[in-house]
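From first to last, the protein sequence lines stand for chains E and C. The first sequence stops at residue 388 when you use the numbering used here, and every number in between is there. The second sequence stops at residue 712 when you use the numbering used here, and every number in between is there.
Bear in mind the hints are in silico, worked out from the structure with no lab data behind them. Do not rely on the hints blindly, as some may be mistaken.
[To be verified] From chain C, some residues computed to sit far from chain E (all C-beta separations above 10 Å):
{"id": "1", "residue": "554"}
{"id": "2", "residue": "588"}
{"id": "3", "residue": "641"}
[Said to hold, decoys possible] Quick look at which bits of chain E chain C covers, simulated, 3 or more residues with Cβ under 8 Å:
{"id": "4", "region": "124-132"}
{"id": "5", "region": "327-335"}
Beta carbons: idealized from backbone N, C-alpha and C, even for Gly.
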Amino acid sequence: MSVKSTAARRTTRGGAKRRGGEPELVQLLTPEGDRVEHSEYSIDVTPDELRGLYRDMVLTRRFDAEAITLQRQGELGLWASLLGQEAAQIGSGRATRPDDYIFPTYREHGVAWTRDVDPLNLLGMFRGVNNGGWDPNENNFHLYTIVIGSQTLHATGYAMGVAKDGADAAVIAYFGDGASSQGDVAESFTFAAVYNAPVVFFCQNNQWAISEPTEKQSRVPIYQRAAGYGFPGVRVDGNDVLAVLAVTRAALEHARSGQGPMLVEAFTYRMGAHTTTDDPTRYRSDEEREEWASKDPIARLRAHLDKQGLADEGFYAGLDAESDALAKRVRDGVRGMPNPDPMAMFENVYADGHALVDEERAQFAEYLASFEDAPAASHGAAGSGKGH
Amino acid sequence: MTQMAIAKALNESLRTSLENDPKVLVMGEDVGRLGGVFRITDGLFKDFGEGRVIDTPLAESGIVGTAIGLALRGYRPVVEIQFDGFVFPAYDQIVTQLAKMHARALGKIKLPIVIRIPYGGGIGAVEHHSESPETLFAHVAGLKVVSPSNASDAYWMMQQAIECDDPVIFFEPKRRYWDKGEVAVSSVPADLHKAVVAQAGTDVTLAAFGPMVKVCLEVAAAAANEGRSIEVVDLRSISPLDFDTVQASVEKTGRLVVVHEAPVFFGTGAEIAARITERSFYALEAPVLRVGGFHAPYPPARLEEEYLPGLDRVLDAVDRVLAY
């Protein structure tokens with residue numbers, strides 16, 4: 001099977017009519033698990049690295065599934081599943097260096113995994129105990145951003161700062177096909193181009209912005225928009241972890257070497273609902289989902305590992321055990337996550353303080369203390385009999 | 389003591405900040421080679437270069453959004469929004485991102501960004517060049533909002549805002565840019581968020597900020613001719629607002645009129661009236677009155693003298709508050 005014919009076949013949107021002139025995807029691993037070559041992008045990976053990528057994707061998927069379950073059990077208020085996008089996230093995340101900086105949306109659980117962000121940290125905002133909750137500088141992984149597209153400007157500004165500092169790090173901004181319509185994304189492309197900022201715009205085109213297909217966002221393939229801003233764009237098979245790794249590495253190197261921004265469109269599919277509040281059966285077909293299920297990123301790498309004899313039963317059994325342990329840690333950790341102290345809402349509103357916050361904090365503390373059963377030291381256990 | 393116009397005081401202040409801290413950046417539309425449409429950044433591009441004084445694309449959300457990224461990288465951007473009415477494309481970045489990010493990160497990151505906005509009317513401009521949107525920012529936790537009324541405050545408050553680790557919306561009274569005043573460049577300035585008594589009096593308190601302080605001082609002078617003693621409080625900071633200073637004045641005079649260009653409805657005056665009523669109910673001899681803009685779009689320039697609070701409208705309010 002030639003690269004060209006394989007790639008051309010991949011351009012058929014699952015279940016939907018084939019669009020004429022759909023551009024070729026960069027692909028290095030077919031859905032059947034066979035390695036193919038690409039004229040511009042290549043990769044050498046050791047068996048160890050391949051097993052590592054597989055492990056990353058399996059654990060990320062298990063974490064995601066556990067979070068969905070916890071939401072169904074009422075332990076989380078909401079969850080935004082990454083099911084189906086594991087290769088796009090693990091491949092791109094593993095392409096980054098520790099000194100690179102990542103600006104995620106709210107669905108980048110796999111990228112967070114590659115940056116060693118504690119999975120429990122990601123769950124705080126979905127449980128409702130904080131609105132972010134981690135130190136972005138600890139892992140060079142910024143807070144999740146909920147308003148669509150805003151973070152692409154932060155990434156661009158950060159990259160402008162990297163360039164000013166003369167550092168050779170790069171910045172990567174995640175966003176989706178829906179976000180590509182936002183003005184902030186357009187402005188970030190303009191700023192990044194004008195200042196030659198070392199930023200990679202990584203668009204996970206998962207085909208659906210809640211209920212709206214990509215056709216409602218763009219008449220042209222999203223990666224082609226880069227040309228209008230004067231920097232390169234490329235579309236990669238987002239369910240092929242090797243191709244994503246290779247293309248993102250190249251894009252980051254492009255940025256680091258002073259050549260400015262680059263747009264990567266990872267062509268993938270949101271296998272689950274937009275969030276746990278969504279019902280995708282109202283707007284898309286089972287056939288489409290089934291078509292994409294046959295391109296599953298994890299099954300694909302497993303097929304490759306098995307065909308090449310690169311992983312034995314011991315490896316898979318060990319990974320199963322590791323998955324179960326991760327799920328248990330997440331489950332126990334979420335259930336044990338305490339409600340914040342009511343006074344926490346007054347914390348960190350300002351870095352240098354603010355008289356009104358001080359005044360309202362004191363008034364509210366006095367109010368809470370006016371109840372006879374108020375705990376002496378803390379209001380953390382507030383809940384019953386307080387009437388507020 | 390040096391005589392300086394407000395515009396020059398701001399310019400000197402920015403220059404001093406650029407000299408003192410290599411992390412300070414000035415960015416905005418036309419702030420570079422041109423020196424800004426009001427020339428507030430005049431000469432800075434020449435002396436500090438395009439790495440420190442940055443002409444940006446014409447995209448306000450982009451300006452503030454990239455300033456956030458630069459701040460996360462350790463810089464202290466001073467951003468110019470060219471006119472008050474042009475800030476709204478950036479409003480989402482300011483309110484949704486900038487104001488909340490420190491809290492969302494549990495205090496682990498800081499956003500030391502100053503957003504300079506020339507504001508207010510009285511210069512005969514076209515639509516969207518004369519607005520006073522300070523309330524729309526004061527309502528948002530995480531932002532600080534200040535506005536100097538004179539050259540000395542302009543000089544000091546700008547440097548204090550740049551040194552502040554929180555985002556500060558810095559409203560510059562554009563029609564006063566060319567008013568001169570004494571600037572004590574070597575003295576110790578007042579706290580950024582402290583109100584000051586600009587003129588002492590005993591009968592009525594006028595509270596104002598930015599461009600309206602001058603009007604209130606003129607009112608005090610005119611009222612003095614009629615034997616009335618007016619105290620003028622220059623608020624200087626709208627968030628936080630120094631209610632203690634206003635309260636102390638009201639408990640002396642028993643009467644309060646708040647004056648601003650922004651529409652009265654849900655304006656700064658409404659908040660002051662509510663809080664002073666709560667704090668000083670028994671000291672008040674009359675309801676707190678407000679003088680400001682109407683609940684109508686800012687009018688065309690030929691009507692703005694009718695719209696803006698001037699000597700007569702403020703004196704009318706003084707008469708009414710004294711009539712109780």
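Comparing the hints with the structure gives:
1. Under the 10 Å C-beta cut-off, the non-interface status given to residue 554 of chain C relative to chain E is violated; the minimum distance is some 5 Å.
2. With a cut of 10 Å on Cβ distances, residue 588 of chain C stays outside the contact zone with chain E, its closest approach being about 24 Å.
3. The claim that residue 641 of chain C is not at the interface with chain E holds, since no C-beta of that chain comes within 10 Å of its own (minimum 23 Å).
4. With 3 residues carrying a beta carbon less than 8 Å from a beta carbon of chain C, the region 124-132 of chain E meets the three-residue requirement, and the given coverage holds.
5. Note: the region 327-335 of chain E has 0 residues with beta-carbon separation from chain C under 8 Å; the three-residue rule is not met and the coverage is violated.
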